[in-house]
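Trainee: Below are the chains, spelled out letter by letter.
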Amino acid sequence: MIKKVFEKPLSWLERIFFVDFIRGLSVTIRHAFSKTITTHYPYEKLTPPKRFRGFFGHKVVNGKEPQPAFDEWVERLKVEVEPGRSRCVVCLLCKRACPVPQLFEIEGEKLPNGKRRISVFNMNMLLCTFCGFCVDACPVDCLFQSDIHETASYSRKDAVLTLEVLERIGRDWQRRREKEPDRIWIDDAQRMRLWHENDLKLPEVKKQ
Amino acid sequence: MENLFVQLLVIGIKILVILGVVFGLGAYLTWVERKVAAHIQRRPGPMVVGWHGLLQPLADGLKLITKEDIFPRAGNRFLYNLALVLALVPAVLTFAVVPFGPEFEVFGVKVKPILTDLNVGLLLVFALGSMAVYAIALAGWASNSKYALIGSMRKAGIIVSYEAVITFAVMGPVILAGTLSTYEIVQQQINHKLWYIWLQPIAFVVYMFAMLAETGRVPFDIQEAEAELVTGFTVEYGGIKFGIFPLVEWYVEVLSLSAIAVVLFLGGWSPINIPFLGFVDPLFFLGPLSPFVWFVLKVALLFLFVLWLHWTLPRYRIDQITETAWKVMLPLTFVNLMLTAILAPIVWR
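So the protein lines, in turn, are chains R and Z. In terms of the numbering used here, the first sequence opens at residue 1 and continues consecutively. In terms of the numbering used here, the second sequence opens at residue 1 and continues consecutively.
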């Protein structure tokens, strides 16, 4: 059954004294004299949450790889592991998971000692939808999405992330944010400034 | 001979002051409007150009002046430019009959701070107000654009309806004062020790509605309903020509009609009124400047109230607007006229 609901019509007293106007005006005047909630963007920037889906990066080998998965993949594909370089094992699972696979250009090279290494890893961000499937697919926690979201560039070429750029983003990320607990909105002070009326308190997350 | 020269000098100074105030203030009111709108929506508004964006109007003006002047190919260039003049001149001319304060004496010359104390000043105001229809209709027609034409037709419809209403609304104060001269109306309010708003609340409310409608402010901004008509009749204008229309409509006209409202209902330059008893002046320490400050204060408050309404209310439909004008406002003004006729002898005594 469809029940039709109408707004209660104004009584003639309410009409004469513009009660509906006054209610609206009281709302706006209250807002006009309370604190502004915007950030002054180019001068003041918010830190996105750790799970933010921004530009991609490659985490580098630093002894914190997921075990035993990383060692298994290294053994299976005979990958040369260099500390400080990308963890990528050239499994191409990211490309398989991608809805627009042509945005990946992945190539490995064979070293004289018989082992393999990633040599080319280009991601064309102009095609990317930032869905994060490749990140989920990565078996060695190498590809990830960082908090970089100011992605404008002067040419199309700048929108292609090469292996060096990805590694640089990864190192930067591991230095800045790897130790942070994983929560929805990390910058609590900033969040409280925006939504202080709500007085929302997130449960504390234990630091690992 | 010398007397004539002094008179001309005084008039010249008055004209310069009025033009300076109107255009300077008109430009800065854009800043005020943006700040008020921003704070109502809990944004800070312009903050970058100068301290708290105080130089923003200059930046806007510079940008508008340096922009390319585009003209629609099939438009009518003469009418296109004439509309601009027709919009600007009557709106500014209205200030000729706005009294800013009482008569004062400088260097032995008596000066009335009103450009021309016409004995039919109020008639001039509403005659010039009706001129706005021509500007808008011409702007819409000459642009050769459907949006502009629809917008101008809507606006013309609104102005035609509300001109009748506003004229009948000001009848009340005119009857009470017994004169059409704006300066004399204020003098009469001071003599009667009565702001006419106390006896004419209905007329005041109706006047405020008509003022919003004539100046195209929310809730009557149907002529430029952004969602439907882009910006109404100013669509085909570019650069500073585009800038002048909102300047005239939203700022100069609102200012002039607020000033007329202050003159008619709020006692012009007189301080706070206790009906029939007298005036209380908390600003007495300003001495001879006090009346001018009172006048500016009242106009500013009225203007801010209009802004406050603008950023609060939604927009009416065109049929609702004209219906309100003919079916509610006009009968109300007739009722008000009758009440005034009954109450007038109390004031005149």
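Warning: the hint list may mix true and false statements.
[Stated by the list, open to error] To spell it out: a stretch of chain R is covered by chain Z in this simulated footprint if at least three of its residues, at any positions, have a beta carbon under 8 Å from a beta carbon of chain Z; those stretches are: (1) 21-27; (2) 92-103.
[Said to hold, decoys possible] The calculated label-pair distances, taken between Cβ atoms and stated as ranges, are: (3) ILE274(Z) with SER26(R): 26 to 32 Å; (4) LEU55(Z) with GLU14(R): 20 to 26 Å; (5) VAL230(Z) with PHE18(R): 47 to 53 Å.
What the hints contain is simulated information worked out from the structure, not anything from laboratory work. Where is the CB? At the ideal position from N, CA and C, for every residue including glycine.
Trainee: Any hints from earlier that this structure breaks? Give me their numbers in increasing order, please.
Mentor: Per hint list: 2, 4 and 5 violated.
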